[in-house]
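**Q** Sequence:
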Amino acid sequence: MAAQSWSGVFSLGSFWDLWYWYQLPSMQFGTQSCWVITSIQFMLYCHPHGNGVFQQDNCTSHRSQLTTAWLDEHSSDFYVMNWPRRIPDLNPIEHHWDVLEEGVKAHHTTPATLTELWTALADVWQAIPVERFRKLVESMPLRVAAVIKARGGQLVINLLSLIQCTLNIVATDFQAYLLKYKFLCAARMHFNADVFIKVKLWDSIQHFLTHTLPDLGWSSDDSEVVMDVGCGQGLRTKNHVLPCFPNVEKLIAIDVTPDMIEKAELLYPHPKIEYVLANIEDRITMEKWMGQISKVISIHCFNWVKDQRKGFQIVYDLLRPGGEAAFIFALQCSYYDGVLDVGEDPKWSSYFENADFCIPQSYLKNWDSSIYKRILEDIGFKIIHCKDELKEDVLSHQGYKDMFHSVCPLTQHVPEDLREEFINDLLQSIQKYDGKSPDGLPIHWCKVIEIFIRKEK
Numbered sequence: 021m022a023a024q025s026w027s028g029v030f031s032l033g034s035f036w037d038l039w040y041w042y043q044l045p046s047m048q049f050g051t052q053s054c055w056v057i058t059s060i061q062f063m064l065y066c067h068p069h070g071n072g073v074f075q076q077d078n079c080t081s082h083r084s085q086l087t088t089a090w091l092d093e094h095s096s097d098f099y100v101m102n103w104p105r106r107i108p109d110l111n112p113i114e115h116h117w118d119v120l121e122e123g124v125k126a127h128h129t130t131p132a133t134l135t136e137l138w139t140a141l142a143d144v145w146q147a148i149p150v151e152r153f154r155k156l157v158e159s160m161p162l163r164v165a166a167v168i169k170a171r172g173g174q175l176v177i178n179l180l181s182l183i184q185c186t187l188n189i190v191a192t193d194f195q196a197y198l199l200k201y202k203f204l205c206a207a208r209m210h211f212n213a214d215v216f217i218k219v220k221l222w223d224s225i226q227h228f229l230t231h232t233l234p235d236l237g238w239s240s241d242d243s244e245v246v247m248d249v250g251c252g253q254g255l256r257t258k259n260h261v262l263p264c265f266p267n268v269e270k271l272i273a274i275d276v277t278p279d280m281i282e283k284a285e286l287l288y289p290h291p292k293i294e295y296v297l298a299n300i301e302d303r304i305t306m307e308k309w310m311g312q313i314s315k316v317i318s319i320h321c322f323n324w325v326k327d328q329r330k331g332f333q334i335v336y337d338l339l340r341p342g343g344e345a346a347f348i349f350a351l352q353c354s355y356y357d358g359v360l361d362v363g364e365d366p367k368w369s370s371y372f373e374n375a376d377f378c379i380p381q382s383y384l385k386n387w388d389s390s391i392y393k394r395i396l397e398d399i400g401f402k403i404i405h406c407k408d409e410l411k412e413d414v415l416s417h418q419g420y421k422d423m424f425h426s427v428c429p430l431t432q433h434v435p436e437d438l439r440e441e442f443i444n445d446l447l448q449s450i451q452k453y454d455g456k457s458p459d460g461l462p463i464h465w466c467k468v469i470e471i472f473i474r475k476e477k
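When we follow the working numbering, the leftmost residue of the sequence shown carries the number 21, and every step to the right adds one.
Fair warning: there could be bad hints in the mix.
Here are the computed lysine-lysine pairs in the PhoX-like style, where the Cα-Cα straight-line distance is at most 20 Å [as the list claims (entries may be wrong)]:
hint, residue 1, residue 2
1, LYS421, LYS393
2, LYS393, LYS330
3, LYS467, LYS393
Please keep in mind that the hints were generated in silico from the structure rather than gathered at the bench.
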């Protein structure tokens, strides 16, 4: 049959209904689609207060020049959702079609005419509990997250308006609600939280926390509001950062990776630690803490920050007058050498045509501490300590594999059945630039920068 039927899911007014327009002319062409919308005043009927959002599924007729022009012409009358193409999993209506189809098949009479089909559809529709509609709408966050994970972060840009209207979130809460999904696009790296959680604290990091910072007067008995930028799965935050501040009022631990925050909340909770999904490069996600933080610490995170100057500026704005910040992160290391080598290998390079290798400017431009001193002083920081130094960490074979497997952004682009082979090739590429201990264990070298800065009062 050429007739069309429509299933509607509305959040405004909790209105749910089905239209079956078999008596209207064929609507397979753009002009008829526009005619239907305007002639029966569809949007006015559904949203009499003019606050509706029109969702269309990007089928051919809906993307025709005539339809697109008509929708643009009426953009002041109602908002047209920016719906991504070929994403049926994200449309709750698709699941209603499944219910309707199965219901019609099981109907007590087999429809033989359009009228009988409409009667059967109406019967099935009326039997669907309202709670089913609500649950489908409420399932949208998980659907969005799953599709983004499967299809890539850029998809999230097209979903922002979708999430807002589908979940009917008030404007003041919308930005906060979106963060979990927006970060999947904003995060350049793709950390594997399940693997990363196995990585033990490196000796060089332990020394930075227990010797370097205390020697610089970092530890404090005062009531502090501390922020850990790039907290990962929470182990380091709870077991190593928190003990530095015995009288801490609150430790805000942020990370840009949703899986990391979920692991941290589950495995390393503490009454004084608040794990939050946030991005140090995105001021909107940091706004509520501006001027309230007494100390910021970030360990091997800023090498993943794309715009480091912007990140440092946001740290400056987060700090109270007199507040301090400490950083340690990689400038150059064997990992970057190995990633570039394996990424350019003809065996694998075809998978990475549009991939971000996440190589920092510090590596590509061979930056040293003098560059960072200028950046930090331009922002307004007083530099207490800023130096670069070559560090060596002896790792177990499994620890070596877990570390670089968990942080490599290229792995996600490799077909699943080839990933183990790719990881082994990656490790071999990195090991070419690293050494071995007398016991045969891998030694990872890394030129790091240590920074300790203060915001003047």
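**Q** Could you tell me which of the hints above the structure violates, numbers in ascending order?
**A** 1
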